[in-house]
Amino acid sequence: MGDIESVIILFTVGAVSGVINVMAGGGSTLTLPALIFLGLDGTDANGTNRIAVLVQSIVAIHSFRSEKYSSFKLSFKMGLFTLPGAILGAIAASNIEGETFEKILGVVMIGVIITLLIPRKKINELNNIEKVPSLVYLSMFAIGFYGGFIQVGVGFLLMASLAYLLKESLVLVNVHKVFITFLFTIPAVIVFILNDNIVWFYGLSLAAGNGVGAWWSAKISIKKGEKIIKPVLIISIFIMALKLMGLF
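In terms of the working numbering, the sequence shown opens at residue 402 and continues consecutively.
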């Protein structure tokens, strides 16, 4: 496949992924299979995908801030607890074989499907947080490790834990999610760069699409269009999960 075709595929998949990631989560279940389809092994696809996630997070943060939705002081405080876990997770991911990673990824995708099928409780009102439960910080470390190791579906884990533990609106939960993802992606990117697990041409092509999708998604309602996105996403995840696990 030529470079132009690869750029078109990655930009398109990246744009869709950016919308999904900022609106809800799980966009990496599209970008990782796309990178693997273009010839990258699982570990290099994992590292290359982080460039797109980093750019997407920066764009989304700027967009949320321009719309007057931000609680970055609390986001930063919680995000700091993800950093040690993210470093350990990225090191673990960089030191396993690509084939092993692909099988792990396939199993994780099935878990993401289950998460998608479980209805999320809506929290509509903005609440002031007087005291952050200590369990939040413990969960941030664990999610940081998972995010550093795999990344895919980490948005769902962040949304679930923050919505349940902080009792905040879905809007602020998403703001926290985007900012925290940005923080723990930085050390993960550094680790993957040091281990030469990033294909920059693919990563930047994907990042351009992710950035566009993230900008658009942050400007619209969090839930808009999710009824259409979910069925398509679930089907694509299921097919790719079976393929990565070597079932066909």
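By construction, these hints were calculated from the structure, which means they are not laboratory data. Be aware that one or more of the hints could be misleading.
[Claimed, not checked] Pairs of lysine-lysine, DSSO-like flavour, derived with a Cα cap of 27 Å: (1) K568 to K620; (2) K504 to K568; (3) K478 to K568; (4) K620 to K469; (5) K474 to K620; (6) K469 to K532; (7) K532 to K478; (8) K532 to K504; (9) K532 to K474; (10) K568 to K469; (11) K620 to K478.
Hint-by-hint comparison with the structure:
no.: 1; hint: K568 to K620; verdict: 23 Å, holds
no.: 2; hint: K504 to K568; verdict: 35 Å, violated
no.: 3; hint: K478 to K568; verdict: 17 Å, holds
no.: 4; hint: K620 to K469; verdict: 11 Å, holds
no.: 5; hint: K474 to K620; verdict: 22 Å, holds
no.: 6; hint: K469 to K532; verdict: 23 Å, holds
no.: 7; hint: K532 to K478; verdict: 13 Å, holds
no.: 8; hint: K532 to K504; verdict: 40 Å, violated
no.: 9; hint: K532 to K474; verdict: 14 Å, holds
no.: 10; hint: K568 to K469; verdict: 20 Å, holds
no.: 11; hint: K620 to K478; verdict: 25 Å, holds
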